[in-house]
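Residue numbers (this note's numbering), protein chains in the order written: chain A, 60 to 887; chain B, 317 to 428.
Possibly wrong hints are sitting among the right ones.
Claimed, not checked - Heads up, simulated DSS-like pairs for lysine-lysine below, C-alpha to C-alpha not over 30 angstroms straight-line:
#, chain 1, residue 1, chain 2, residue 2
1, B, Lys355, A, Lys609
2, B, Lys401, A, Lys553
3, A, Lys676, B, Lys366
4, B, Lys401, A, Lys450
5, A, Lys663, B, Lys425
6, A, Lys656, B, Lys410
7, A, Lys450, B, Lys366
8, B, Lys425, A, Lys553
9, A, Lys202, A, Lys190
10, B, Lys366, A, Lys627
11, B, Lys366, A, Lys294
12, B, Lys425, B, Lys355
13, A, Lys580, A, Lys627
14, B, Lys355, B, Lys410
15, B, Lys401, A, Lys294
16, A, Lys727, B, Lys355
17, B, Lys355, A, Lys553
18, A, Lys780, B, Lys355
19, A, Lys426, B, Lys355
20, A, Lys549, B, Lys410
21, A, Lys190, B, Lys425
22, A, Lys740, B, Lys410
Claimed, not checked - If you want the footprint, here are the derived chain A segments under chain B, 3+ residues with CB under 8 angstroms:
#, region
23, 127–134
24, 847–855
Unchecked claim - Taking beta-carbon pairs under 8 angstroms as the criterion, some of the chain B residues facing chain A (in silico):
#, residue
25, Ile330
26, Val340
27, Met397
28, Val409
29, Ile411
30, Ser412
31, Gly413
Since the hints were made in silico from the structure, they are not lab data. Note that beta-carbon positions come from the ideal geometry of N, C-alpha and C, so glycine has one too.
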Amino acid sequence: MKHEPLTPGVDTREHLVVIGNGMAGCRAVEELLARDPARYRVTIFGAEPHVNYNRIMLSPVLAGEKTFEQIVINDADWYAQNAIELVAGDPVVAIDRAARTVTARSGRVTGYDRLLIATGSDPFIIPVPGKDLPGVIGFRDMKDVDHMLAAAEKGGSAVVIGGGLLGLEAAHGLSLRGMKVTVLHIMPTLMERQLDEAAGWLLKSALEARGQTILTGADTAEIVGSDAVEGVRLKDGTLIPASLVVMAVGIRPSVALARAAGLAVGRGIQVDDHMVTSDPAILAVGECVEHDGNVYGLVAPLWDMCRALADGLTDAHSGYRGSVTSTKLKVAGLDVFSAGDFSGGAGAEDIVLRDASRGVYKRVVVKDDRIVGAVLYGDTADGNWYFDLLKRGEDIGAIRDLLIFGQAFASGGAQADPKSAVAALSDNAEICGCNGVTKGQVVGCIAKGAHSLDAVRATCKASASCGSCTGLVETILALTLGDEVQAGPKTMCKCTSFGHDDVRREIVRQDMRSIPEVMQKLHWSTPDGCSSCRPALNYYLLCALPGVYKDDQQSRFVNERLHANIQKDGTYSVVPRMWGGLTSPRELRAIADVVEKYDAPMVKVTGGQRLDIFGIKREDLPAVWADLNAAGMVSGHAYGKSLRTVKTCVGSEWCRFGTQDSTGLGVKVERMTWGSWMPHKFKIAVSGCPRNCAEATIKDFGVVCVDSGYELSVGGNGGIKVRATDFLCKVATEEEAMHYCAAFIQLYREEARYLERTAPWIERVGVEYVRARMADDAAGRDALAARFLFSQQFMQDDPWAARVAGAEREHHAPMATFTPTRATEEMA
Amino acid sequence: MIGEWLDIGWVDEIPVRGSRTVQVTGGDDIAVFRTGEGKVFALADRCPHKGGRLSQGIVHGGAVACPLHNWRIALATGEAMGEDKGCTPTVPVKISGGRVLICRASALKVAA
Ligand code: SRM
Ligand SMILES: Cc1cc2nc3c(=O)[nH]c(=O)nc-3n(C[C@H](O)[C@H](O)[C@H](O)COP(=O)(O)OP(=O)(O)OC[C@H]3O[C@@H](n4cnc5c(N)ncnc54)[C@H](O)[C@@H]3O)c2cc1C
Ligand code: SF4
Ligand code: FES
């Protein structure tokens with residue numbers, strides 16, 4: 060049905076009044092005009108004193124990349140040409156549904172036939188003391204940007220609360236404008252709703268590299284200042300000075316007006332599929348609405364809503380069915396994309412590509428051969444393609460192997476198999492970007508005899524640096540050699556194509572500092588590793604960065620997390636240290652008391668010369684330790700990849716054959732070495748004479764005392780395959796014996812692979828090598844011993860004492876206890 | 317009043333890539349896991365192999381490695397992964413306002 064064009068004088072058309080001159084309100088009007096330009100007389104009220112502009116471009120305005128004029132969507136001419144009356148700078152303060160009028164702040168009353176509410180959202184201001192101080196603002200409109208620009212003009216420091224999109228955009232803009240910016244984010248990773256941990260970590264590192272300070276896990280306690288903002292205090296007491304605080308912790312649909320008018324309001328103004336509220340004369344659109352239980356905070360859903368709304372207003376009802384959103388954003392100039400559900404879950408599989416040199420991370424989550432989610436960082440070119448496949452529920456089975464390389468690669472027709480795709484590459488095609496190696500060169504070096512990945516790496520350098528082309532090189536090997544490819548050294552686990560030695564070398568060379576960083580830089584193929592690689596990486600970092608690296612408890616095997624040995628019935632055994640096998644009445648009494656007090660079913664002398672208390676419940680562990688600590692005992696690490704026991708015999712003090720004080724030396728050695736984390740368990744023994752009652756020659760480090768000094772030997776163990784030690788050297792004094800011990804342990808700690816005990820390590824590298832590093836290289840030995848003693852400063856605090864003091868209580872106590880109450884709920 | 321769902325505490329009380337337990341008087345514990353992605357799952361704290369306490373294992377991706385003999389159990393389904401066969405009963409979980417709720421009826425059944 061068409062209406063008469065506008066006649067001057069009386070306008071008898073239905074009057075559509077729009078509250079909100081923002082993205083959705085104006086878009087709705089545009090859609091309406093496109094369908095039937097003459098049907099409604101339109102009046103738009105806007106709280107802001109501006110024409111309609113593109114809100115998402117406020118960030119570039121803040122960053123100085125755009126002017127306000129450049130982000131205007133509809134200028135004054137547009138309103139004039141379409142005979143739209145714009146009432147800017149005069150917000151509506153009340154709706155009278157009975158009279159069908161709206162009242163603006165100026166007092167102006169306007170009647171409507173149809174009312175459209177498009178009031179958007181309000182920034183959420185966290186209710187902390189000081190939130191109302193001048194200098195605390197949100198980031199929502201042009202006024203906020205003006206405020207930030209004025210503050211930046213004066214320089215100084217700013218704090219942005221909130222590490223989501225808006226917060227990071229504000230921080231970026233402010234730091235470009237010369238302010239010193241600190242971002243406080245309450246969650247452990249940035250943009251946790253849009254990005255997974257790995258991508259969040261990349262983003263954080265990139266922003267830090269640009270000079271911003273980013274504090275994650277930071278909880279704001281108050282904003283301090285007398286007349287204006289002076290700083291922000293965190294719950295942990297830290298005070299961060301600032302003259303500007305931007306709160307960007309989230310938005311809330313702006314529903315006050317609708318609620319006051321008695322419309323149905325949940326989280327947002329409730330609308331049906333045609334964007335009609337509980338009052339048939341009133342519609343709502345944009346961020347202020349709740350449709351089918353959902354509220355949205357991005358523009359894409361608004362466009363769909365506006366289409367359905369305009370269809371309804373022109374009697375061509377189509378209906379809005381909700382939106383699946385994807386986020387493709389440039390955060391502070393960095394490309395990020397996410398869509399769908401990337402949180403894994405039942406049956407979901409991850410396909411991950413990491414290219415550290417380009418700063419790229421891609422992850423596609425696939426379930427039953429369909430894409431259910433994606434996260435892209437650094438290279439988002441294929442975001443739309445993945446999103447399209449996701450929305451259409453396309454079966455990607457056929458292109459699965461190539462999916463992660465993107466559309467160009469995966470839809471390459473005949474190249475649907477990765478092998479033929481590689482086979483089809485020309486000889487000039489670059490394989491290894493880091494070292495500029497072409498396919499022809501790789502094939503050439505294989506032809507000359509490099510029949511394994513390692514050999515290729517060693518000869519033409521392909522895949523020798525960042526490793527991201529490893530898969531390509533392996534395919535070329537397979538294509539060229541067929542079955543003759545020689546397997547390289549074993550990779551650490553299925554999560555990586557690198558072996559232990561490569562990983563350790565790169566951690567040190569690139570000064571990596573956290574597990575996610577290693578996983579990113581070395582292209583892990585899983586989001587957070589597995590139970591093989593995580594403990595190994597945790598150890599490698601701990602060894603490389605004494606005192607700096609913070610141990611990751613969740614990457615430790617349960618025994619090392621609970622500082623006790625798990626038993627098959629789920630209880631634990633507790634072994635306190637007994638230095639060199641010595642004990643005292645006080646220690647024995649404390650142990651006896653613990654056994655009785657906690658009803659331990661068994662106490663036993665171990666093969667390591669100390670007492671083992673069995674059957675302790677997880678909840679009781681801290682209390683048991685407290686009692687043992689009180690008697691001066693510390694953890695015996697009977698559970699750890701660490702120093703275990705130092706066995707001794709009675710030695711010269713009592714034994715008729717004893718040549719030296721083996722007991723005393725054992726105690727000193729244990730005092731020096733306890734607490735040290737190692738690639739595997741490590742045992743030491745000191746025997747007072749060659750009769751060797753302490754079994755020193757089947758220990759990792761053994762000392763056999765003789766009249767003229769101390770014979771040192773290494774690399775022994777009991778176990779399934781008993782191995783006697785190799786002789787290392789003989790020294791004259793206790794001090795030297797201790798010094799060699801420290802140096803040997805450090806060499807082992809730095810060079811052995813995780814879970815490789817000294818015996819297999821020495822068999823791999825050769826005892827000659829160890830002798831060369833230990834006996835022949837005095838300076839190197841001194842340096843090793845010094846590094847060991849340095850790292851011991853950070854290792855020798857009793858883990859039990861820390862737990863007793865309350866650390867990590869969550870490991871012990873249940874989260875909740877539930878007692879079935881009704882008879883019908885009785886447990887069988 | 318007895319509801320359908322048991323409120324067992326805040327999500328934040330479960331360490332990321334870790335777990336906590338819920339004690340059921342007269343029955344086995346229930347293990348509640350939180351993955352690196354922040355998803356929460358609840359399962360009987362009992363490995364299908366030889367009853368190992370899954371709550372004490374290493375959580376990685378959407379799975380936990382049993383501390384006794386390293387079977388990998390998928391958190392969402394309770395199924396053993398890879399070559400191993402077996403299944404641990406699961407308990408439906410719901411997050412509401414930062415609180416973790418577990419299904420009362422399944423919790424009872426699982427713990428029994
Ligand atoms: C408690 C104890 C047995 C005892 O009652 O005496 C013991 C108990 C275990 N030993 Fe042992 N070993 C104990 C002394 C020994 C000794 C004797 C010694 O230290 O002089 C040996 C031979 C020496 C050696 O280590 O080479 C020994 C060689 C092993 C091995 C084989 C090691 C190897 O390199 O081949 C294993 C298996 C392993 O570690 O992979 C092992 C593993 C174990 C484990 C950790 C099995 C496991 O993975 O759960 C047992 C833990 C029981 C628990 O929960 O407490 N245990 N174990 C001893 C504790 C010593 C201590 O005070 O810390
Ligand atoms: C800095 C920034 C960057 C963003 N970047 C992106 C991005 O990259 N991608 C993306 O998808 N989304 C982005 N967004 C979100 C996007 O801007 C919003 O989703 C979108 O603007 C919502 O449109 P709307 O019309 O519902 O609300 P708005 O655009 O906020 O419009 C609501 C308007 O109503 C006015 N109003 C409120 N109450 C009254 C009243 N009583 N009377 C009169 N007028 C009133 C307000 O002043 C406002 O002008 C960004 C937002 C911001 C602030
Ligand atoms: S010998 Fe075997 S059974 Fe005995 S403690 Fe050692 S590992 Fe356990
Ligand atoms: S009991 Fe879990 S793997 Fe054996």
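Exercise. Does the structure break any of the earlier hints, and which numbers would those be?
Worked result: 4, 5, 6, 7, 8, 11, 13, 15, 16, 18, 20, 21, 22, 23, 24, 27, 28, 29, 30, 31
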